[in-house]
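2 protein chains.
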Amino acid sequence: MGINITNFLSSKSKNKKMIEFQDLDHIDGVSISTVSANLYKDPRDDLVMFYFRDGANFASIYTQSKIISENIKWNIRQKVKKISSLIVNTRNANCFTGIQGYKSMEKIAQLISEKLTEKQKEDEDHPKKIKSKEVIFGCTGTIGEVFPEEKILNKISELVDKIKYTQNKYIWMKAALGIMTTDTQPKMAMEECLIGSSKIKIFGIAKGSGMIQPNMATTLGYIFTDADISNDLLKKLLKKNIFNTFNAITCDGDTSTNDMVSLFSTGKIKHPKINNINDEKLKEFDIALNKVLLNLAKRIVSDGEGASKIITVKVCNCKNENEAKKIAFSISNSPLVKTAIAGEDPNWGRIIMAIGKAGVPIDIDKLSIDFGNLNIIHNGTMNINYNETEVAEYMKSHDIAINVNINKGSKDFTAYTMDLTKKYIEINSDYRS
Amino acid sequence: MGINITNFLSSKSKNKKMIEFQDLDHIDGVSISTVSANLYKDPRDDLVMFYFRDGANFASIYTQSKIISENIKWNIRQKVKKISSLIVNTRNANCFTGIQGYKSMEKIAQLISEKLTEKQKEDEDHPKKIKSKEVIFGCTGTIGEVFPEEKILNKISELVDKIKYTQNKYIWMKAALGIMTTDTQPKMAMEECLIGSSKIKIFGIAKGSGMIQPNMATTLGYIFTDADISNDLLKKLLKKNIFNTFNAITCDGDTSTNDMVSLFSTGKIKHPKINNINDEKLKEFDIALNKVLLNLAKRIVSDGEGASKIITVKVCNCKNENEAKKIAFSISNSPLVKTAIAGEDPNWGRIIMAIGKAGVPIDIDKLSIDFGNLNIIHNGTMNINYNETEVAEYMKSHDIAINVNINKGSKDFTAYTMDLTKKYIEINSDYRS
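Top line first, the protein sequences correspond to chains S and F. Everything in the first sequence is counted per the working numbering, starting at 62 for the first residue and increasing by one. Everything in the second sequence is counted per the working numbering, starting at 62 for the first residue and increasing by one.
Accuracy of the hints is not assured; some may be wrong.
Pairs involving identical chains hold if they fit within one copy or between any two copies, as the list cannot separate such chains.
Claimed, not checked - Derived DSSO-like pairs: lysine-lysine, alpha-carbon spacing no greater than 27 Å straight-line: (1) Lys194 to Lys342; (2) Lys484 to Lys457; (3) Lys387 to Lys134; (4) Lys483 to Lys190; (5) Lys223 to Lys296; (6) Lys230 to Lys331; (7) Lys134 to Lys427; (8) Lys380 to Lys134; (9) Lys134 to Lys469; (10) Lys457 to Lys483; (11) Lys260 to Lys142; (12) Lys380 to Lys127; (13) Lys168 to Lys301; (14) Lys102 to Lys194; (15) Lys375 to Lys127; (16) Lys331 to Lys134; (17) Lys127 to Lys427; (18) Lys387 to Lys127.
The set of hints was computed from the structure by calculation and includes no laboratory data.
Let the hints inform the model, and build the full structure from the sequences given.
Structural data, given as structure tokens:
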């Protein structure tokens with residue numbers, strides 16, 4: 062199984078960006094199918110179905126925007142214990158589409174439940190009736206355009222027909238490709254861990270490369286495990302691990318109306334029962350889940366619109382985590398910092414500016430700033446060995462690490478972002494055409 | 062006197078950007094001189110002296126950044142009733158320059174006070190001794206570089222020698238040019254008004270085209286009047302009128318360590334005494350001051366780094382002004398909104414996104430959005446007459462007006478910004494070279 066990943070992800074060298082993928086194979090209880098519903102003008106897959114033959118426990122975290130898409134409204138209203146299907150379309154966000162957009166969700170969920178019920182009858186020993194409320198949706202794309210209900214309805218039969226009960230790396234790749242919008246790379250990650258003595262898989266895919274200022278959730282992220290974990294525990298695990306992964310990345314400070322990260326558990330692997338979030342047996346799973354989420358989150362940043370460099374901003378020794386996060390995001394969201402880095406300019410004055418504007422009281426005499434291993438500012442004054450040529454050389458790296466030490470406490474936060482390039486403007490001034 | 066200004070400033074037509082300047086002439090009690098201290102590699106003026114022969118009452122509002130420049134520290138510490146001189150240099154922000162940067166202020170203020178005292182002896186009937194604490198500083202440029210104390214000290218004699226007691230439009234233009242950094246246009250504005258039956262002038266100059274997210278003050282703005290107004294009243298007037306002018310503009314959401322807006326009153330025109338901020342006699346002055354500040358603020362936005370269009374975002378009928386401001390800035394600071402406008406794309410979905418992420422509770426059914434006079438969204442649904450071709454045509458205008466009606470109260474806020482273009486990236490990724 063290939064587990065080489067980008068330099069950024071492994072942080073090993075300073076060479077050029079090079080994405081390698083982990084090979085996701087089969088995860089018991091999850092089926093995937095993809096089609097083109099012709100939502101784009103090209104024949105790419107744009108509609109992806111995840112089918113949980115025996116249902117899945119699940120938890121989701123949604124956008125904190127005050128305006129949310131119709132599919133998220135739908136998802137929130139379905140109070141079921143197990144989910145049968147997640148269906149994701151691109152090109153249209155189904156946001157600001159009003160009652161019509163919501164009704165489309167109803168109709169599509171209805172048709173999916175009928176078709177899946179038929180499939181259960183044909184394939185299974187113990188067929189069960191699938192209800193429309195067991196179907197949830199992810200939508201991403203342009204806001205405010207009429208939702209392409211017909212195009213999607215027309216493809217449901219094909220999606221269901223294509224379902225196979227054993228998955229391989231190609232179908233995961235197709236799923237990751239099928240949920241992309243302006244992404245240039247599909248995003249997949251996996252980890253294995255033990256619960257008791259049972260080997261557990263955690264697979265994840267994600268999309269997103271703009272509108273990425275996370276507030277709880279960001280973009281689309283779907284995580285699947287064959288462990289058997291309750292809805293309540295899934296929610297707690299997701300919330301806990303989103304904080305320093307999907308919620309630690311920013312591309313442009315914008316937040317989508319459609320952000321959604323979900324965690325599905327098929328329960329196909331038998332293992333000792335987990336009773337609560339502090340259960341020792343959950344420890345490895347917790348760590349592995351964080352790794353999958355962080356891996357996906359970094360892939361999103363690394364594919365940030367127009368990104369030529371990826372930037373890790375670590376703010377250390379603050380009074381509390383919230384202050385560390387404020388400063389880290391103030392730096393990560395500053396267009397002036399991000400353009401300087403695009404220009405490979407060691408303009409640390411802009412880091413100072415961004416620290417200052419974060420609104421957190423700073424003791425300048427204690428402030429230290431490093432670029433990578435190069436110390437620039439030590440206790441509020443420039444390092445006597447500061448060598449601009451050396452720092453300028455460092456700025457040519459693909460992975461830029463900015464370390465800020467506030468020296469006022471013991472709490473850290475690390476944010477991940479990318480530089481701001483002309484390419485970002487190009488992509489975003491011409492998105493819909 | 063030329064009072065034609067840009068289309069944006071007059072909001073009369075949709076034609077291309079065209080800056081015209083008001084002619085500032087003489088304002089009694091203010092002298093200006095400018096030199097090149099060779100702070101840049103070219104021979105442009107980069108050091109500007111304002112000299113108040115008989116002193117001036119004054120008030121300043123400074124950056125809210127938690128890291129402030131050494132000159133602002135100096136200014137804050139000088140507790141005097143009248144100011145004798147304001148000196149402004151570009152190219153170096155004197156920020157993060159430590160004790161050395163502060164000592165430079167001391168030395169330069171000392172030399173200025175000596176030279177001005179000599180000049181007073183030569184020129185005046187009643188010479189007076191000028192103290193170094195009567196000198197304040199504006200600095201703008203790169204953060205963290207050693208302050209060019211020697212270069213500036215060497216030019217003080219020349220600056221003082223050049224002082225003339227009558228000013229004209231050319232010297233105001235030179236002053237406005239001399240304080241520029243990445244600005245492409247000098248920024249000047251003027252108004253006249255009455256206090257009682259006395260004609261009063263208010264002249265202003267400003268600089269700034271990046272790092273412009275105002276928090277109280279932004280960039281450099283210097284306003285001069287020949288009225289006789291106390292320091293306390295100047296402060297109240299400035300604070301009140303900054304709110305919907307300099308604090309209503311944003312270019313990139315960044316805030317400088319050096320922001321400074323000052324109001325100087327020479328008291329050369331005799332008029333009835335003003336006792337408090339609510340004095341009826343102050344009404345015209347108050348309005349005129351707001352006009353000068355707004356005129357300058359709009360000029361800053363209109364010259365925003367890389368701006369090809371200027372955008373007025375009016376958010377109406379909110380529960381309170383703070384909510385209106387939050388939404389207006391959320392739209393104005395959104396890179397996705399600003400790149401869409403650069404691309405002349407009527408992508409109103411991004412306006413929806415930006416409204417949503419502002420965090421203010423919204424009643425979608427009451428929301429209306431207009432681009433210029435074209436209604437897009439009415440009471441939460443798309444206007445049945447919406448014609449994308451027509452709106453796309455409107456997006457070609459140089460001045461874009463976005464009007465958002467929240468319909469939940471009676472409070473408005475208008476923010477001013479520009480589009481986000483490749484040129485912005487170009488300027489900022491290559492600022493120091």
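**Q.** Identical-chain pair category, lysine 260 with lysine 142, by Cα at 27 Å
**A.** within (25 Å within a copy, 77 Å between copies)
*asked:* If the cut is 27 Å between Cα atoms, do lysine 380 and lysine 127 qualify within a copy, between copies, both or neither?
replied: Close across copies (16 Å), not inside one copy (30 Å); limit 27 Å.
Problem set entry | Identical-chain pair category, lysine 194 with lysine 342, by Cα at 27 Å | neither (33 Å within a copy, 69 Å between copies)
- Query: Within a copy, between copies, both or neither: where do lysine 102 and lysine 194 come within 27 Å Cα-Cα?
  - Reply: Neither, since 31 Å and 69 Å both go past 27 Å.
Intra- versus inter-subunit Cα pairing at 27 Å for lysine 331 with lysine 134: neither (34 Å within a copy, 66 Å between copies)
With 27 Å as the alpha-carbon cut-off, assign the pair lysine 168 and lysine 301 to within, between, both or neither.
Classified as neither; 35 Å inside a copy, 55 Å across copies.
- Query: At most 27 Å between C-alpha atoms: does lysine 230 with lysine 331 qualify within a copy, between copies, both, or neither?
  - Reply: Within one copy only: 24 Å inside, 85 Å across.
>> With identical chains, the pair lysine 484 and lysine 457 could be close in the same copy or across copies; at 27 Å between alpha carbons, which is it: within, between, both, or neither?
In response: This pair counts as both: shortest intra-copy Cα distance 18 Å, inter-copy 21 Å.
- Classify it for me, lysine 380 with lysine 134: is the Cα-Cα distance of at most 27 Å met within a copy, between copies, both or neither? between (38 Å within a copy, 25 Å between copies)
**Intra/inter-copy verdict for lysine 483 and lysine 190 if alpha-carbon distance must be at most 27 Å** = This pair counts as neither: shortest intra-copy Cα distance 52 Å, inter-copy 55 Å.
Intra- versus inter-copy proximity for lysine 296 and lysine 223 (alpha-carbon distance at most 27 Å): Close neither inside one copy (31 Å) nor across copies (72 Å); limit 27 Å.
inquiry  = When Cα atoms must be at most 27 Å apart, do lysine 127 and lysine 427 count as within-copy, between-copy, both, or neither?
reply    = So lysine 127 and lysine 427 pass the 27 Å test across copies only (14 Å; inside, 39 Å).
In the structure shown, a violation is registered for the earlier hints numbered 1, 4, 5, 13, 14 and 16, in ascending order.
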